[in-house]
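Going down the list, the protein sequences come from chains U and W.
For the first sequence, the working numbering assigns the number 10 to the initial residue and increments by one for each residue that follows.
For the second sequence, the working numbering assigns the number 10 to the initial residue and increments by one for each residue that follows.
Just so you know, the hints here were simulated from the structure itself, not pulled from any lab data.
Keep in mind that a hint or two might mislead.
In this list, chains with the same sequence are indistinguishable; a pair is considered to hold if it fits within one copy or across any two.
[To be verified] In the DSSO-like style, the derived pairs of lysine-lysine whose C-alpha atoms are separated by at most 27 Å in a straight line are:
| id | residue 1 | residue 2 |
| --- | --- | --- |
| 1 | K162 | K278 |
| 2 | K162 | K281 |
| 3 | K379 | K63 |
| 4 | K291 | K347 |
| 5 | K63 | K475 |
| 6 | K348 | K420 |
| 7 | K63 | K425 |
| 8 | K381 | K55 |
| 9 | K372 | K281 |
| 10 | K72 | K87 |
| 11 | K379 | K356 |
| 12 | K63 | K372 |
| 13 | K351 | K475 |
| 14 | K383 | K425 |
| 15 | K87 | K351 |
Here the structure is a predicted model, which is why all the values come from computation and not from measurement.
There are 2 protein chains.
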Amino acid sequence: FQVMRLLILSLLFASTFAWFYGRDEPDRWSVGGVWPLPQKIIYGSKNRTLTYDKIGIDLGDRKDCDVLLSMADNYMNKWLFPYPVEMKTGGTEDFIITVTVKEECPSGPPVHGASEEYLLRVSLSEAVINAQTVWGALRAMESLSHLVFYDQKSQEYKIRTVEIFDKPRFPVRGIMIDTSRHFLSLNVIKRQLEIMSMNKMNVLHWHLVDSESFPYTSVKFPELHGVGAYSPRHVYSREDIADVIAFARLRGIRVIPEFDLPGHTSSWKGRKGFLTECFDEKGEETFLPNLVDPMNEANFDFISQFLEEVTETFPDQFLHLGGDEVNDFIVECWVRNKKIRKFMEEKGFGNNTILLENYFFEKLFAIVEKLKLKRKPIFWQEVFDNNIPDPNSIIHIWKGNTHEEIYEQVKNITSKNFPVIISACWYLNYIKYGADWRDEISGTAPSNSRYYYCDPTNFNGTDAQKNLVLGGIAAIWGEIVDNTNIEARLWPRASAAAERLWSPAEKTQRAEDAWPRMHELRCRLVSRGYRIQPNNNPDFCPFEFDEPPATKSEL
Amino acid sequence: FQVMRLLILSLLFASTFAWFYGRDEPDRWSVGGVWPLPQKIIYGSKNRTLTYDKIGIDLGDRKDCDVLLSMADNYMNKWLFPYPVEMKTGGTEDFIITVTVKEECPSGPPVHGASEEYLLRVSLSEAVINAQTVWGALRAMESLSHLVFYDQKSQEYKIRTVEIFDKPRFPVRGIMIDTSRHFLSLNVIKRQLEIMSMNKMNVLHWHLVDSESFPYTSVKFPELHGVGAYSPRHVYSREDIADVIAFARLRGIRVIPEFDLPGHTSSWKGRKGFLTECFDEKGEETFLPNLVDPMNEANFDFISQFLEEVTETFPDQFLHLGGDEVNDFIVECWVRNKKIRKFMEEKGFGNNTILLENYFFEKLFAIVEKLKLKRKPIFWQEVFDNNIPDPNSIIHIWKGNTHEEIYEQVKNITSKNFPVIISACWYLNYIKYGADWRDEISGTAPSNSRYYYCDPTNFNGTDAQKNLVLGGIAAIWGEIVDNTNIEARLWPRASAAAERLWSPAEKTQRAEDAWPRMHELRCRLVSRGYRIQPNNNPDFCPFEFDEPPATKSEL
């Protein structure tokens, strides 16, 4: 009864006084809870003991598939039994996990819309995973690992018996990282990929390049990173990029690269003639160039060659080409540039910079159209808001201060038949004090915290419109995020987005119901060695994360 | 000129648009800048090359002093040359650092007000450190290490020539950690102590125990942690505590323990009869007890015995006894308790709970007075605001939403002749998006960010009053902070407090002047292996922090 009172009180005082009164008690934690919540899950009434030497995995006729071999290695040797406890051996019957995958082992990363569906049955004697694709098997294996818990009383690992049918609600569930404002090391990127897979996320949107630095190494145009990178150490070599793509693939994650055009391009300065010269109000002193020069016809040939290389580097069918905030740079770079104004007059655009933008984008669309390796372009929403997107485009929504404003945009853009990806709900670089995945917390815009509650199809529209919602990408822009703080800042806040994008909406309406599972997820991932920060009241994990003694920088 | 424009623009657009336009350019970084800024520093015009095999340290007639031996080991083997570069050898004359300390090697930690003054002269041929105490030598050595830089062009370590006279502005410059809301591992605490010493901070205020958990292990009363700790793993053994104190001492840091009384005491529940039974509005259901029972005379004997043990455990002359937020618990725990109300009537207190509080505190003061090992008590400001503190007390200020409100309290409390310590300026657990060490950022109260600008003596008072300002302690309360995120959340934000509390006010008026040195500090400490997060615009360090591959939990 006291616990009930405490619960009621916690809810009443939510994000302020709860701290002083409440703490998360172990009797409120979930045991063998699965995150994100499966479509259907029916627990059995019994658990069974697991010991290290009595567990096995059978990959059937997919024994040679690297994705499944990597999965077996990761889970059997690291993630099923993460706690630093002495493992008991023997004492039980064998427990074999039988994995059956219908489709052949794919040589590339997951394609857009690839099945991630799976059936998982855990009985007292065995576990059975059935999936259409290896990606579904990966998701099933992660769910299976969530059913494993450490029983403090008996000091044994146990697994819950269960039947699960599961598949994602949306095909795009991602994280956007920004490696331009601050460089992120390969280790850090790989760690985020691992945590993503543990949240069943399947897209890494890699905002590789921005005004601040150009860490992407081009073979054709080495002057780009040569001049634009922070330093020769702050680049991703060709091998690094291939490594990220391969590492992501083994975890069922696609890598969508972004090269933002025509704004946010200062760091492309290594390419002579690429940027428009920019002037101050008096038209005199030059200003940091940040916008492509659309007069220079050679630039379009350059973009074409550059993007050919990009498509050879990144196998994903999607290619993000930015297009955001061009307006922020137009005044300095186009309006105050006499040559550009003359060019606009010649083209019959008059003073209308939108027409010049359209001119640029039309030429860009034509380049994309002609790419040898076909790509579907993604653009930030300004290309829809201000210009005329190619009908083949996906529109990426990042604006909106409230969930309602965001929903309104989704409605508007899908009504024009464009597929959309939503990031506006989950700008995780913005931080506020408290459990912002769950609570409304006043503060600077965007005020759209309560990440758990933002539901991209929560607008009044047709089924066809709702089917155009491809999913969401939680963004962590890099202005004040680097290797030192990205991981704890992302997680478990991004886990709220992961559940929203995977699980059935009707079963995930209350953060209060979700947090016991989120707590268990946090502690499980902490025990796997990841830096998942507290997300609720004062609490603890059975086994805490520990910081190693200081070591010197590796880069 | 372009840089000037960029600078002006950065200032104009401060915390919003600066991100998109600017990045911190290496030509704005300091080279061999010292943090916190010394009282007097005069750089020579030349630098000299340092090579690993030609550098030595001479401890004079203090060769057996463990503090200096530990210092020599840390700096010569780790911190002077932190970058992962191949070290050049030979090629220059020997460079000997001669350390002369007047006072004997102390067996205990620094006492309050101990000299930290030093003279440091670095010439082309040698370095000379002169200090009154080993603590001053530690501060000098840290300054010396800040003069060392890695010259990317010549690929050599160099040291700037300099003359420094230095001493701290305030005797108390600390960090408060809270190990009750979330447990912090020994590794994490030690890392913070190391980073503190690199910021010349000298006080760890250890808020060991609060409502949520009781990780302190008492020998006399093992039922306290037995019942009150989160788990048997979430405790500090006697050896752990001694380890923290010894580790801190070697870095010139005192450890001031806090045992908060009579509120915030839920986790003392292992002690039968210690807490007042609390009731809800109807006077029926019991409520989580969080306030000492002052009727039970045995409690005072218990407190006395407990504090005797605490003073035997912690050598520091100061003892923090809390006293905050008693009012928040009074209604439930005293006002609605019939026995307490009867007791108040018997004592002639009527309905005045303040008189009952005074009764408790008077008895507590008497206990402190009689402690075998004499201690100076510190109380949170409520004991001044609501009660009558023992004249021997130090008052610890934590309230106030603006710097002005805080200064007003400092003025008021020092006018009554109490020494004060200020934490209100630096509640680092509260987070906001942006460079809050420097910028005004709107958000939830307390709005006192701009940590760099809060100056504790910035009030209209006498010199005697200003001398009562002992210093400040940056607090990072543990509600949503644990091993996973405390380090990056503390640093470099607490470095702003470190400079404010050490350096002359007149030379540290502008954050714009400070950040090039703060940037260099961040990069230096990142290279030493510490998780110091970005603090300004997009930037980079010559050698970035790297996250190791995931490892399993150690606890």
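Hint check:
Proximity of K162 and K278 under a CA criterion of 27 Å is satisfied inter-copy only: 23 Å between copies versus 63 Å inside one chain copy. For the homomeric pair K162 and K281, the shortest alpha-carbon distance between copies (26 Å) is at most 27 Å, but the shortest distance inside one copy (68 Å) is not. In this assembly of identical chains, the alpha carbons of K379 and K63 never lie at most 27 Å apart, being 56 Å within a copy and 63 Å across copies at closest. Taking the closest pair of Cα atoms, K291 and K347 come within 27 Å of each other only inside a single copy of the chain (12 Å); across copies the shortest separation is 79 Å, beyond that limit.
Proximity of K63 to K475 under the C-alpha cut-off of 27 Å is found in neither arrangement, the shortest distances being 47 Å within a copy and 71 Å between copies. In this assembly of identical chains, K348 and K420 lie within 27 Å of each other by CA distance neither inside one copy nor across copies; the values are 40 Å within and 63 Å between. Proximity of K63 and K425 under a CA criterion of 27 Å is satisfied in neither setting, with 57 Å inside one chain copy and 72 Å between copies. For a Cα distance limit of 27 Å, the shortest separation of K381 from K55 qualifies neither inside one copy, at 56 Å, nor across copies, at 58 Å.
Only within a single protomer do K372 and K281 lie at most 27 Å apart by alpha-carbon distance; the minimum there is 20 Å, versus 79 Å between protomers. Within a single copy, K72 and K87 get their C-alpha atoms as close as 20 Å, which meets the 27 Å cut-off; across copies the closest is 48 Å, which misses it. Proximity of K379 and K356 under a CA criterion of 27 Å is satisfied intra-copy only: 24 Å inside one chain copy versus 92 Å between copies. Proximity of K63 to K372 under the C-alpha cut-off of 27 Å is found in neither arrangement, the shortest distances being 62 Å within a copy and 62 Å between copies.
With identical chains, the CA atoms of K351 and K475 are never at most 27 Å apart, being 45 Å at best within one copy and 66 Å at best between copies. Within a single copy, K383 and K425 get their C-alpha atoms as close as 23 Å, which meets the 27 Å cut-off; across copies the closest is 78 Å, which misses it. In the homo-oligomer, the alpha carbons of K87 and K351 never lie at most 27 Å apart, since the shortest distance is 64 Å inside one protomer and 61 Å across protomers.
Comparing the model with each earlier hint shows violations of hints 3, 5, 6, 7, 8, 12, 13, 15; every other hint is respected.
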